[in-house]
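Take the given structure of chain W and dock chain L with the ligand to it, following the hints.
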Amino acid sequence: MGMLLCNLDSSLLELVRRTSTELPADVRNVIHQAIQREQQDSIAQNALNIIERNIQLAQERSLPLCQDTGSCLFYIDCPVGLDQMMFAEKAREAVKEATRRGYLRQNSVDSLTGKNSGTNIGIGMPVFHFHQHNSPEIKVRMMLKGGGSENMGQQYSLPMVSLKANRDLEGCRKVILDAVLNAQGKGCGPGILGVCIGGDRATGFEHSKEQLLRKLDDTNPIPELAELESTILKQANELGIGPMGFGGKTTLFGVKIGAMNRLPACYFVSVSYMCWAFRRQGIQLSEDGSVQNWLY
Amino acid sequence: MIQLEAPFTEEKIRALKLGDEVEITGIIFTGRDAAHKYIHEGGELPPDMDLKDKIIYHCGPVVIKDENGDWKVVAAGPTTSIREEPYQGDIIKQLGLRAVIGKGGMGEKTLAACKEFGCVYFHAIGGAAQVLASNIKRVRGVHFMEKFGSPEAMWELEVVKFPVVVTMDSHGNSLHKEILEKSTAVFNRLVNK
Ligand code: SF4
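Sequence lines, in order, name chains W and L. Residue numbering for the first sequence is 1 to 296, as defined by the numbering used here. Residue numbering for the second sequence is 1 to 193, as defined by the numbering used here.
Treat the hints as calculated values from the structure; they're not laboratory data. Any given hint might turn out to be false.
[What the hints assert, rightly or not] Computed footprint of chain L on chain W, listed as stretches where at least three residues anywhere in the stretch have a Cβ under 8 Å from a Cβ of chain L:
no., segment
1, 77-88
2, 127-135
3, 233-244
4, 273-281
[Stated by the list, open to error] Far from chain L, by Cβ distances over 10 Å, these chain W residues were calculated:
no., residue
5, Asp-26
6, Asn-46
7, Gly-153
8, Gln-184
No experiment lies behind these values; they were computed from the predicted model shown. Glycine is no exception: its CB is placed at the ideal position from the N, C-alpha and C atoms.
Chain W on its own, in the form it takes in the complex (with noise of 0.2 Å):
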């Protein structure tokens, strides 16, 4: 394969202490903004005051920004002839190391004994997403998603009757602000949406989470989708819910919408709901393994 990789499993622990200890610029940014917009000295305010203090101690002390650093979600594009097996091997690794130096919560249960396995590794964990590419580039993200988030997710099949939500983008904008509504107070708001329009049941979800890869401050190439993006955005802050459900003038920091091709009996829209504390990071691979540049 011509890649020697050497330096990989110590890219790959930077990874996830990074991503576990530090909030990439474009999140950092809308917290900042959103301070300035709430009202001075609000409950709202001081809490958004305590999350930005909070970040920056977090990064000071290389330590978990949330005490649930989730589970740990992987993306990696690589081209065609990577070991899929080593590589997630080192990656399980660099979990396992991750979790004994503590930036990482011991996170993994197993659901018939209540067992935790205390490395953050087991049946389903961590999640691998392989996607090969025709260039020589590995680029690795990783996103840590904590569960009082993954709790706020939802799929909903429209139509949907009680919402008159029909299988348009009108329906999907009144399932999406739904989906908000019922997210109040639980999901350690402000948060971001990411959403799928259609796929099935799984790829729904695998879609929608894929959406939160995307930077915060770009704009959807499709028209019809981007327009949707702003419209919830802008909806789903007159809601009021505010930070920590406390009330205020930000509820979400941003909408992101995928879609993909359906059954013409489904309609499903897949919401995953990320809370401030989104922690994703990527690097770009050099030929040895060293991180080339990171991605956030």
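Chain L with the ligand only, in chain W's frame:
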């Protein structure tokens, strides 16, 4: 900013109102799903563990042992409280708790228990693990470590100026209920319901 210091008496708790920003100094116990279920089912607490007039914090902290073998809390934000709704009201009564700290608020049963027994619900800033950990001065002990595992164990923590907001008071008021009503009204308008 209101300073609330141990001992947490009924009088001090009754004086708190919705939206008050409070800093807590004293002992708090962490407890989450396993602990609540266990206590609710009549499980016994160790004799040295007295929760009367104390505070339970819905939290699964990240705790490590430092070079000297002492426990050190490295992250300690709140977890979602509503999961304990089936148990909390009874536990407030049973143990004589004065406050519960968590996030997301709780339901009618807990609100009623707060009113009847003089207890209050404090909302901590969800996810603010580092700020909150910096307000924890010492780990006094840990209970049920073997039984429940580290995040679910009951950690006994000494806190100083731990920042919270009163979102359910002991007079039957809930900020969560208020915000839910207001936001639902806006929602209904936005979706023409
Ligand atoms: S919802 Fe997010 S910020 Fe809140 S506790 Fe969970 S991971 Fe942390």
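Status of the hints after comparison with the structure:
1. 77-88: The restraint on the segment 77-88 of chain W is violated, since only 0 of its residues have a Cβ under 8 Å from chain L and three are required.
2. 127-135: Violated - the segment 127-135 of chain W has 0 residues with a Cβ nearer than 8 Å to chain L, which falls short of three.
3. 233-244: That given contact holds, which follows from 7 residues of the segment 233-244 of chain W lying within Cβ reach (below 8 Å) of chain L.
4. 273-281: holds (count 3)
5. Asp-26: Its Cβ never comes within 10 Å of chain L, the nearest being 17 Å, so this holds.
6. Asn-46: Given that some Cβ of chain L is not farther than 10 Å from that of Asn-46(W), nearest at about 7 Å, it is violated.
7. Gly-153: 14 Å, holds
8. Gln-184: 6 Å, violated
When the structure is compared with the earlier hints, violations turn up for hints 1, 2, 6, 8 and for no others.
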